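Engineer: Could you put the whole structure together from the sequences, leaning on the hints where they help?
There are 2 protein chains.
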Amino acid sequence: MIRLYDFITSGNCWKVRLVLSHLGRPYERVEIDRFTSYTRSAEYRAINPLGLVPALRLEDGRILHDSAAIAFYLTEDTSLLPADAPGRAEVIQWLIYEQRYICETVGMARYIVTTLGKGGLDEAGAQSETLAEVQRLGHEGLAGLETRLAKRDFLIGAGCTIADLCNYVYVAMADQGNMDLAPYPAIRRWLARLEALPGHRAMGDVPAPVLRRP
Amino acid sequence: MIRLYDFITSGNCWKVRLVLSHLGRPYERVEIDRFTSYTRSAEYRAINPLGLVPALRLEDGRILHDSAAIAFYLTEDTSLLPADAPGRAEVIQWLIYEQRYICETVGMARYIVTTLGKGGLDEAGAQSETLAEVQRLGHEGLAGLETRLAKRDFLIGAGCTIADLCNYVYVAMADQGNMDLAPYPAIRRWLARLEALPGHRAMGDVPAPVLRRP
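Residue numbers (my numbering), protein chains in the order written: chain X, 1272 to 1485; chain P, 1272 to 1485.
No lab work stands behind these hints: they were computed from the structure.
The model shown is predicted, which means the values in this text are computed figures rather than measured ones.
Be aware that one or more of the hints could be misleading.
Which copy is meant is left open, because identical chains are indistinguishable; a pair holds if it fits in one copy or across any two.
What the hints assert, rightly or not - Pairs of lysine to any residue residues, derived as SDA-like cross-links and limited to a Cα-Cα distance of at most 25 Å, are as follows:
1. Lys-1422 x Pro-1485
2. Lys-1422 x Thr-1280
3. Lys-1422 x Tyr-1455
4. Lys-1422 x Arg-1311
5. Lys-1422 x Gly-1332
6. Lys-1422 x Arg-1296
7. Lys-1422 x Pro-1456
8. Lys-1422 x Arg-1328
9. Lys-1422 x Ala-1467
10. Lys-1422 x Glu-1302
11. Lys-1422 x Ser-1312
12. Lys-1422 x Leu-1352
13. Lys-1422 x Asp-1476
14. Lys-1422 x Pro-1353
15. Lys-1422 x Thr-1386
16. Lys-1422 x Ala-1356
Structural biologist: Here's what the structure looks like:
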């Protein structure tokens, strides 16, 4: 069975779990605490040299990391990935859009607020300046999504693809980075549309782990 | 015929031109000056809403942007992209590696030195601090490539793929960001290996443009 190296509150891990639940595909889940030094250990570096989650071990022992690459792998020849080459290229384009304009901005705002703590403020206020800048860039990324979704139900074609699932995650958690989605009605309708799909799972709705590390 | 919106000194554009020359695929080239306001014009925003090059117009009028998405599209069912799903996922993984750990670091160092000018120094020295930081991150990215290439001729499988061509570009220009490749013998052998392939073209070796903008 495929095995997911997973951390519950990681948005990138949630992307992979969403894809798996939409596919109804069973998997073993290894629960990792990203905030210990385990992901920097030799044991985990053998799984992912970058020391990041998620990673997916295939049945043949091959390991894939990076949520976008894993999502693409899992959905070839399924309805979550277009059958035509230009459609697949558009999916890759929007997966990269997510990484550059959403994850590193809207996702980074969440990271600063929830993980670096202090509501994005440090003593010198330097962190709060960083937060304001990633929020500004995040609104640019959200504006691009809003434009794209203004006249469409999903990012590519007529149905949900991994481009939607991967862009969904950090946008759905924008409030955790103190970012308001009120100016983005098309995005809010799209979030609700995705959450109504039968394969949808909340971030914390996960199968029991087969292993915990460390 | 497919049409490439192209800027000669853009590394991301060179990636696409390399893929096209390896494929021996004819294309129309529109030469754009990235440093004018043309890429922010309504005319160009209709081609790429992000205002970036490269963009590729397909025969049916559809437009793809993002070098990785374009490279993937052009090479489906060719030897530059693996035929098996895990191999294709590994390619995507290394395309994203390039964007995050090479283009935004080694490529950014080149941008600071050659485009922002002043050899990476501004009056307050702030730019030089940024340069030192992106160079440091760039060396981390190069170290990851060096490890991967220590026992392999190419990043994935036994032959050249778009993962190699896309990672090649900014690494080959590392010296323009004042970054030395001397510590990376496997990378230097890999660069020479890629440059010896019959499809290789230098950055400035381009077909005549059918149009110039602006």
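Engineer: Run every hint past the structure and note whether it holds.
Structural biologist: Going through the hints against the structure:
1. Lys-1422 x Pro-1485: neither (47 Å within a copy, 31 Å between copies)
2. Lys-1422 x Thr-1280: neither (32 Å within a copy, 36 Å between copies)
3. Lys-1422 x Tyr-1455: within (13 Å within a copy, 49 Å between copies)
4. Lys-1422 x Arg-1311: Between copies only: 23 Å across chains, 44 Å inside a chain, cut-off 25 Å.
5. Lys-1422 x Gly-1332: Classified as between; 19 Å across copies, 43 Å inside a copy.
6. Lys-1422 x Arg-1296: Classified as neither; 32 Å inside a copy, 35 Å across copies.
7. Lys-1422 x Pro-1456: within (12 Å within a copy, 52 Å between copies)
8. Lys-1422 x Arg-1328: between (38 Å within a copy, 22 Å between copies)
9. Lys-1422 x Ala-1467: For Lys-1422 and Ala-1467, the Cα distance is within 25 Å only inside one copy (19 Å; across copies 48 Å).
10. Lys-1422 x Glu-1302: neither (40 Å within a copy, 32 Å between copies)
11. Lys-1422 x Ser-1312: Cα proximity of Lys-1422 and Ser-1312: across copies only (22 Å, versus 47 Å in one copy).
12. Lys-1422 x Leu-1352: The answer is within: 21 Å in one copy meets 25 Å, while 34 Å across copies does not.
13. Lys-1422 x Asp-1476: Result: close neither inside a copy nor across copies, 31 Å intra and 41 Å inter.
14. Lys-1422 x Pro-1353: within (19 Å within a copy, 36 Å between copies)
15. Lys-1422 x Thr-1386: neither (36 Å within a copy, 38 Å between copies)
16. Lys-1422 x Ala-1356: within (23 Å within a copy, 33 Å between copies)
In summary, the structure is inconsistent with hints 1, 2, 6, 10, 13, 15 from the numbered list given earlier, while agreeing with the others.
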